[in-house]
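Student: So you can see what is in the structure, the chains are spelled out below.
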Amino acid sequence: MEWILFVSQVLNGLQLGILLFLLAAGLTLVFGIMDFVNLAHGSLYMMGAYFCVTLTPLLDSFPLAVLAAIILTFVLGVVVELVVARHLYQRDHLDQVLATFGLILFFNGAVHLIWGAEGNPIRLPDFLDGRVTLFTDIEIPAFRLAIIAIGLAVAVGLVWLVGNTRMGMLIRAGASNRRMAGALGVDIKKLFTLVFALGAALAGLAGMMIAPITEANIGMGDDILIVAFVVIIIGGIGSVRGAFIAALLIGMIDVMGRSYLDDFMKLFMNNQSAETASPALSAMAIYILMAGILYFRPRGLFPPKNR
Amino acid sequence: MRIGRVKHISQVAIAVIGAIVGAAMLLTPALAADKVKIGFLTTLTTPAAVIGNDMKDAFDLAYAHIGGKMAGLEVEVIYEDDGFKPEIGKQKTDKLVKHDDVDFVTGYIWSHVLLASRKSALDAGKFMISANAGPSKIAGSLCHKNFFSTSWQNDQTPMALGEVLNQRGVKSVYVMAPNYAAGKNMVAGVERTFGGEVKGKDMTKWGADAQLDFSAELAKAKASGAEALFVFYPGKAGGAFIKQYMQAGLNESMPLYSVFTVDALGLPKFQKADMQGVLGSLATQFWSPDLDTPQNKKFVPAFLEKYGRYPSFYAAQSYDAMFLIKSAVEAVSGDLSNMDGMRAAMEKADYPSVRGPYSYGNNHFPIQNFYLREATTDSAGRWTTKIVSTVYTNHQDVYAKECKL
Numbered sequence: 000m001e002w003i004l005f006v007s008q009v010l011n012g013l014q015l016g017i018l019l020f021l022l023a024a025g026l027t028l029v030f031g032i033m034d035f036v037n038l039a040h041g042s043l044y045m046m047g048a049y050f051c052v053t054l055t056p057l058l059d060s061f062p063l064a065v066l067a068a069i070i071l072t073f074v075l076g077v078v079v080e081l082v083v084a085r086h087l088y089q090r091d092h093l094d095q096v097l098a099t100f101g102l103i104l105f106f107n108g109a110v111h112l113i114w115g116a117e118g119n120p121i122r123l124p125d126f127l128d129g130r131v132t133l134f135t136d137i138e139i140p141a142f143r144l145a146i147i148a149i150g151l152a153v154a155v156g157l158v159w160l161v162g163n164t165r166m167g168m169l170i171r172a173g174a175s176n177r178r179m180a181g182a183l184g185v186d187i188k189k190l191f192t193l194v195f196a197l198g199a200a201l202a203g204l205a206g207m208m209i210a211p212i213t214e215a216n217i218g219m220g221d222d223i224l225i226v227a228f229v230v231i232i233i234g235g236i237g238s239v240r241g242a243f244i245a246a247l248l249i250g251m252i253d254v255m256g257r258s259y260l261d262d263f264m265k266l267f268m269n270n271q272s273a274e275t276a277s278p279a280l281s282a283m284a285i286y287i288l289m290a291g292i293l294y295f296r297p298r299g300l301f302p303p304k305n306r
Numbered sequence: 000m001r002i003g004r005v006k007h008i009s010q011v012a013i014a015v016i017g018a019i020v021g022a023a024m025l026l027t028p029a030l031a032a033d034k035v036k037i038g039f040l041t042t043l044t045t046p047a048a049v050i051g052n053d054m055k056d057a058f059d060l061a062y063a064h065i066g067g068k069m070a071g072l073e074v075e076v077i078y079e080d081d082g083f084k085p086e087i088g089k090q091k092t093d094k095l096v097k098h099d100d101v102d103f104v105t106g107y108i109w110s111h112v113l114l115a116s117r118k119s120a121l122d123a124g125k126f127m128i129s130a131n132a133g134p135s136k137i138a139g140s141l142c143h144k145n146f147f148s149t150s151w152q153n154d155q156t157p158m159a160l161g162e163v164l165n166q167r168g169v170k171s172v173y174v175m176a177p178n179y180a181a182g183k184n185m186v187a188g189v190e191r192t193f194g195g196e197v198k199g200k201d202m203t204k205w206g207a208d209a210q211l212d213f214s215a216e217l218a219k220a221k222a223s224g225a226e227a228l229f230v231f232y233p234g235k236a237g238g239a240f241i242k243q244y245m246q247a248g249l250n251e252s253m254p255l256y257s258v259f260t261v262d263a264l265g266l267p268k269f270q271k272a273d274m275q276g277v278l279g280s281l282a283t284q285f286w287s288p289d290l291d292t293p294q295n296k297k298f299v300p301a302f303l304e305k306y307g308r309y310p311s312f313y314a315a316q317s318y319d320a321m322f323l324i325k326s327a328v329e330a331v332s333g334d335l336s337n338m339d340g341m342r343a344a345m346e347k348a349d350y351p352s353v354r355g356p357y358s359y360g361n362n363h364f365p366i367q368n369f370y371l372r373e374a375t376t377d378s379a380g381r382w383t384t385k386i387v388s389t390v391y392t393n394h395q396d397v398y399a400k401e402c403k404l
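So the protein lines, in turn, are chains A and B.
In this text, residue positions in the first sequence follow numbering that gives the first Met the number 0: the first is 0, and each later residue adds one.
In this text, residue positions in the second sequence follow numbering that gives the first Met the number 0: the first is 0, and each later residue adds one.
What the hints contain is simulated information worked out from the structure, not anything from laboratory work.
Note that beta-carbon positions come from the ideal geometry of N, C-alpha and C, so glycine has one too.
Be aware that one or more of the hints could be misleading.
[Unchecked claim] The list that follows gives simulated cross-link-like pairs (lysine to any residue, SDA-like), each with its CA atoms no further than 20 Å apart:
id: 1; chain 1: B; residue 1: 144; chain 2: B; residue 2: 402
id: 2; chain 1: B; residue 1: 268; chain 2: A; residue 2: 112
id: 3; chain 1: B; residue 1: 200; chain 2: A; residue 2: 262
id: 4; chain 1: B; residue 1: 268; chain 2: A; residue 2: 59
id: 5; chain 1: B; residue 1: 198; chain 2: A; residue 2: 268
id: 6; chain 1: B; residue 1: 198; chain 2: B; residue 2: 167
id: 7; chain 1: B; residue 1: 221; chain 2: A; residue 2: 131
[Said to hold, decoys possible] So the derived label-pair ranges between C-beta atoms look like this:
id: 8; chain 1: B; residue 1: 97; chain 2: A; residue 2: 287; range: 56 to 62 Å
id: 9; chain 1: B; residue 1: 375; chain 2: A; residue 2: 148; range: 35 to 41 Å
id: 10; chain 1: A; residue 1: 159; chain 2: B; residue 2: 385; range: 53 to 59 Å
The shape of chain B in the complex, shown without the other chains (with noise of 0.2 Å):
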């Protein structure tokens, strides 16, 4: 009988301390708010996919970086995968949005994606934070106060592609980008800085079932009698265009000026597969791994320690990213709900960048350098790409103006 009471009591008692521990449990959501939660949109299927564990590795090594903490709060990522689809991507920004309550959305590798899920991040009143795509229109008319790039406009580093055609004496072009909307912005800016003819111009099909075979386009350039060939091929497709141009023997006439194909992603890959001829080619960008500046120094070697291969650009913009949002955080110490505060912080980019100090225009997208690189050998007898000379000073876009910030 004693030891049955004795085992009632304890029953109960555990019960009172279960409920307790439970309610405390139900609490804590609420007084948790200290944390900055931050959403990050990517391609993590699809061949695509290569691009987005690429910011997604730059974006941990940030975190690891800052500690896994911003002016004394946690920090929490939540990765979602677009499957290279607008549809998919606008609503996985709405589940961040909506069901985990991010503070910052930021990611998104596609100008179609970006495009479809900028409503539904903006209307929530959330910060959207652009780690690669630049679309005009979201530079220009549908500029937003809670939206910042940390990249590019789509049109920049083409026009300074088109510079350096001039500047090379190329009298004549062959254009290919694939059929979507940064494709159009692509060609758009180096038609508009190109002084010579372009020669002709082929847009091919784009998305899920992506044309991949060039073997008709590449026959049309060369037929053209065109100096030299500009292309936009970014993820899978930059490889296949690669490849293909070396075999139909387009390297020995057609010197290649690409922009976004080129990149850290290709290349360890072609060294691979012994493909000679892509090194020499040029391309544009606002920055390059041998980038003499502090935080590069520090980003650069740590990311090619921890992952054994050099970090691309849309690595390079993730890590940028992070930094963004941290800078803002701290200037309001952690308060989140200083929307205006934050915003204020970032429109100063007050953060150390990869690319060295810059400036945001109205329209929130950086006013920056651009360089031209070269795909070339390092030290370790890697491929990677090398600065060659600066193309712009403090470049802003074209499309600021339209902005009615």
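Just chain A, same shape as in the assembly (with noise of 0.2 Å):
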């Protein structure tokens, strides 16, 4: 019985940290290669969910509107950084801090106005509602692995793009020297323009997968948004395999925390205390974990090499 629920937690916090990694991944190559500060990162995952929670019932058809959302909060992207984003490179982080930060309160309010304040659920199709079972006795939602699934391959995609492609080469070199590249005859503009809609739609999507297992809510990427922060600080900032691995790392910390730390304090504390303790410690553990790996590493377990 009990390896059943250590499986389980390890899948739990699989999926988590795959969650965090989608969210974090754009973060992180916006703030590593632009270096730009998006506090509204959170509200692109928010926007993402609710295209989705618009799309599913119109297009009847769950795939078909993630697709089509992921589109959306691509082009949002695109607006966001033509008309707020872009005017903001040049300036010193305070106050891309600030302007981003108006963005959050702008799109919570315009949520509120068009959608409203309650949560708005998402119908999964059936073949995507119901359960799997893994090794005869281990029962999941066939939901949460279908999260898995799509993480790592968004991780695998990522990596490719960045390493193995011409676009990828051309983000690298516009980040390591930015005026070099350009005198090159990149046009720089237009790809960060690119980067920061990508980014745009990676948390889209991380809203998309996060919608049909909370419901979409207002403010729904602030809370997440924090995690993220600590998910790139770990990894380093720029690194897109440092983000998947400090993601996974933070997820599997979370579930476990939640799932064994009152168990584990029960055994030097009476119940009592460790009842009232276990939560309060399981919500920090990751910010401790992140200062432990600040003091040994304070640039992050993967700085990229060329910064």
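Relying on the hints, combine the two individually framed chains into one complex.
Tutor: Structure representation (structure tokens):
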């Protein structure tokens, strides 16, 4: 019985980690390559979820709605880059924080006006709504397995894109020496628009993956953005590989903390104090981990070499 | 020249008239104390605004039903938003009692907001009427002569549920609730009456960045081998929880017993998403839309007609708050300076409540019935709750004896 629970929790941790990775990948690209602090990244995550909420009944298919919503969030990313972000690259980080915080308020207000305050569920098709049995006794919701599969595919695709394609090469060139790349004829402006929109689409995808589980809510991105920042700081800002490993690490620690910390603490304190202390401690666990890693590796686990 | 003089005179006349009118306008506030001012603090932003809007809708309806008047005085309601945060709730309460100088403050969804705001309202010598939150401290050691509740003490509803579990022969249960004042009260309540074994317990993160993904907890619940699942997840967390409970397939093996989770705010949404598994789930409550009392027969159809949905228990409590205040103002014939008279009137609970007649304990929390409700379909096909049985008759909370009133 014990190992069944353990394997389920490992899968749960993996799924949470993958979701964090989808969100953090865009953040780390924009922050690391373009040196732009985008607090509104969480809003793009929320918008992705809400687009999917509206499109699912319209198209009568969740997978189609996800594809369409990815395109919409990509377009939204282009618009946000052209209208707001572009003008902030040369300013210092504080200005960027201020402007993108304004964007958060704008998007939360807009969602309240358009979709209302209540949470919006997304109805999953039957083949995703059921459960899958693994190793004869482990039953997990099919949709959570789908999240793991999609996330892994995106991770592989992204590493390939940045490492092996012409566009990836341009992205890396633009990041390490913006002016030199420009002098060689690379259209840096267009490139950055593309990277920003790619990050937006990834965040949107993460939102679409979580909404069928928790419903789409106003401010859903603000809650998770802090964790996404922890992920990219641990992983090394600008590193997709670092973001992947850090996201899995954090997902695992969070789930394991919630699963086993109270039992563990009951070993050396009475039940009542363990029950009070363990939720607080498991909420802090990821920040303690971040502090510990930064002490030994101030630039994160995988700082990009070219900076 | 003559025309000029006429113009001059008329200018003077206008100035004089203006001065008189102006002076009169300055005087009016002093004369017009003949108005009952009610401050209503609830959550109108964040996803929890769903609850706040339901309360506001019910209070607006009650306002219309009393014709905007109490004992011949005009009633003014000022709504404020706590943003789901205790510190903002306290600030807004300060604003209501100091700046707006209201006679009553009511509303209050959240126990932690109420606890933070309590001192501001009571120190200013105002009546405070909770239309939802009922933390144990306020029922016990922190009880106050000017505090009243139109809802319940937090522990009571889960205590009734623990009783239901005993009656149904449930031997073991797994418990999940958010980690804040009310969550702890809910868990304490069910543990106080439930005779079987609590196989495991999870207190999850709450607040603005509340935990909404319960995969780890549900896996633990499943592995614990408990017969049933007890949860308390109000607001948006309720929808998220029910969804995952069903996705994990637990509705087939672990029946759900909940408090304040499956309500009139969630059910229409579950119906839209066709989450059949929630039908039949059991919860306890002091009230239900189908409760057969004269006031409820007036309230529920009117609410349905005006807003096109069933009222939630939050709405019912808010509707009651208006009528409780009205009974106080009428008992003193509109003399709002007579605090003792109004208090004595409210202590009698002599007003038409949607739950039927009840009485107040020494701590000003209702001594009332609790019912078992089942999620089901009404004659028009809408998902709602119906009363299955009465669990407690005239039940008083356990903290009343710690109150020195």
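Student: Could you run down the list of hints and mark each one as holding or not?
Tutor: Status of the hints after comparison with the structure:
no. : hint                       : result
1   : B:144 to B:402             : 10 Å, holds
2   : B:268 to A:112             : 19 Å, holds
3   : B:200 to A:262             : 11 Å, holds
4   : B:268 to A:59              : 18 Å, holds
5   : B:198 to A:268             : 19 Å, holds
6   : B:198 to B:167             : 17 Å, holds
7   : B:221 to A:131             : 15 Å, holds
8   : B:97 to A:287: 56 to 62 Å  : 42 Å, violated
9   : B:375 to A:148: 35 to 41 Å : 38 Å, holds
10  : A:159 to B:385: 53 to 59 Å : 57 Å, holds
When the structure is compared with the earlier hints, a violation turns up for hint 8 alone.
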